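Just so you know, the protein sequences line up as chains C and W, in that order. Going from the first sequence to our numbering is simple: count from 1 and add 11. Going from the second sequence to our numbering is simple: count from 1 and add 592.
No incorrect hints appear here.
Reference listing, derived: stretches of chain W covered by chain C, where coverage requires no fewer than 3 residues with Cβ under 8 Å from a Cβ of chain C: (1) 849-863; (2) 880-891; (3) 962-974.
From the derived model, a few chain C residues whose C-beta atoms are all more than 10 Å from chain W: (4) T32; (5) N48; (6) A76; (7) S155; (8) S157; (9) K182; (10) A234; (11) D276; (12) R313; (13) R359; (14) K362.
Simulated from the structure, these hints should not be mistaken for lab results. Nothing here was measured: the structure is a model prediction, and the numbers come from that model. Beta carbons: idealized from backbone N, C-alpha and C, even for Gly.
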Amino acid sequence: MRFELSETQQLLQKTARQFLTNECPMAEVRKRMETDNPHDAALHKKMAEQGWTGMIFPEEYGGMALGMVELAATFEQMGRVLLPGAFFSTVALAGSILDAAGNPEQKAKWLTPICEGTALATAALIEESPEWETATWSATAKASGSGYVLDGKKMFVTDAATADFIVAAVKLSGELALVVVPANAPGLSVRALRSYDLTRRVSEVSFQGVNVGADHLLAKGAAAEAALHHGLNVAVLALTAEMAGGMARALEITTEYAKTRKQFDTVIGKFQAVQHLCADMYLWTESSRAAVYYAAYALDKRLPEADAAISVAKVYAGDSYREVGNRGIQVHGGMGFTWENDMHLFYRRAKASESALGETAYHRERLARLVIDAV
Amino acid sequence: MDLTLTPEQIQFRDELRAWLKANVPAPVPRGTEESMEQRFARLRVWQRQLFDAGWAGVSWPKDCGGRGASLLEQVIFLEEMARAQAPQMANTLGLGLIGPTIIHYGTQEQKMRYLPKILSAEEIWCQGFSEPNAGSDVAGIRSDGRLDGDHFVINAHKVWNSYGWVADWCALVVRTDPTAAKHKGLTYILVDMKSPGVEVRPIRQMSGESEFAELYFRDVRVPVANVLGKVNSGWEVALGTLMHERATLGSSITIVYRRMFDKLVAYTKNTIRSGRPLSEDKGIRQKLAQAYAELEVFRVAQLRSVARVSSTGVPGPEGSFLKIFWSEYNQRFQQLAQEIMGPYGTLEEGSPYAIDGGEWAYGFLRTRGNTIEAGTSEIQRNIIGHFVLGFPKSY
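This is chain C alone, in the form it adopts within the complex (with noise of 0.2 Å):
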């Protein structure tokens, strides 16, 4: 048994942190996202040249077909630095989605293009009440001539400003289905919400008669439900892998900051108040990343208990990412609640990941019905 990674995924992860740190420095990140577009269009294309946007797709596609312990590993380097813009819509959520609801066909015309970083994408599913329940959506498309017109709302759509085409959820003859949306497409509308979380974007997403070819439904039914369900397991795990990632990161950045702070005559790191905090911090970081790994294992390997394993994980990383940052702030003092101290970006950063991509109460709720309600 070995619940390290294996030297392979250690050698990702050390390049990915490497890559990553030279490349999307804090001040870069910095200058996007107070920019209207966070999303850096040649960083993107380098990530593309490393193989990350093909990560977990088939080699036919253009993919690398690694596991998800692979994908956790990446995206926890992509949390330490708080990597802005459409990575995560474009390859977490639409990819994996497409990955699973796609036909060879649909797979060649959208998937290939975002294994080759020439596509950025996302997907738009919760409406108004922004519940995860799929029959609560109500967007609807409707057959019309040789394909579909789409109707409807969406919200908190991660990233839709600079997506080529949405992954949209809607309810087809009553039954759940999805369809891609090119952007330019007649009767689409993005607008944008403005969040506290300056590093990734939320719009609203109206559809108004738009027009799709047939070929552009993706799947319908129960396929479709299983195809959203292993997606967004997929998206869920690389959010917490990113999260375990800012963790460790706010942890690094608060103890550097503990022990070259002086008071008293002395740094601060000394004092057990301070070292306490810390401590926690550290507690809740390192559970998380267990977790996180763990639900990796568990997904890749499509264990039974893998949906539970992602709840768990979401759970548990959303109320430690929010403390991590609460605690980092607290240490660094006058500092940590200044505009120019990163923190706070780590902050912004984690409250949104613990309501994004179905809020706690939601994980808790699923994790009910799993060990309550079935046993």
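Once you have looked at the hints, place chain W on chain C.
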């Protein structure tokens, strides 16, 4: 990552599982009239039965009566014992702490002398570290060990000694060089509890029972040959023991806690309030799911730690966060049970209407000790601060 067991480990697990199925004694329910002594005698017989069947000391060397398997088999053993709801073995400290320390620091003679009788429960062990003025500051030990020929003459007052009331032997830490620096003058020595001058007094806990004792040693003569490790290097030996304590404790805990969780879930499904089962109450579902998530995270964090220890061979200071985790989790969990059960949760063993023989009332009070025993949460956070995060020592 590969969390699967080898075919040999699976075979070991299946054999053990079958043996346990055939041999685990029927549980003695809480509230059964049984004295502490009767209970202990029962656990002693049970350990002897395990020993005779070759299941005691799974990861201990073969020539000392062990099975010679790896730490992972040891973890499988602990998990299977918990899963089978087997009673714990009588010699808890001998098996979990003192035996591994003797394996690590003992001479061949010492190993042959002490280990087989730890495994067979012929000799029960307790541990004498804490003193009235050396609790968290365990290196502040004042107990006096003075060399007299080939003996140490020991004068000591020790407290919080689990199994002190029944122990045949005590792993004692005493100060043998009062002139040396605090951590330098200590010696770890094995003391026969039947030696003249040893006195044991029970301490009654807030949970009502007396698991702990205090020990008095008055001019007790102990052969120098009983020193474990070197004279005046007892701190290093004691530290090894404490890290063992944190490394393996979690393996059976996860299974025991899971059983308690399942029990609480069953209670909420079988208890009707406001016309429906408590398990359908949204608030209670949220809290149970939260407890489940925390327990699962602990399980996998423990798994990761065990996998690491089994590849590096030594438990590291990161075990401190697992100690904080399980102790604080257990307090939150028992509080949740109290919240769900309301006034029924307060009913103790022997009371009409007590739930599960008063287990929940006892459990709630007992967990208050979890963040104190085996190193307080504050000490664990100091260890993380200094040894893991690299802050200057705060004390």
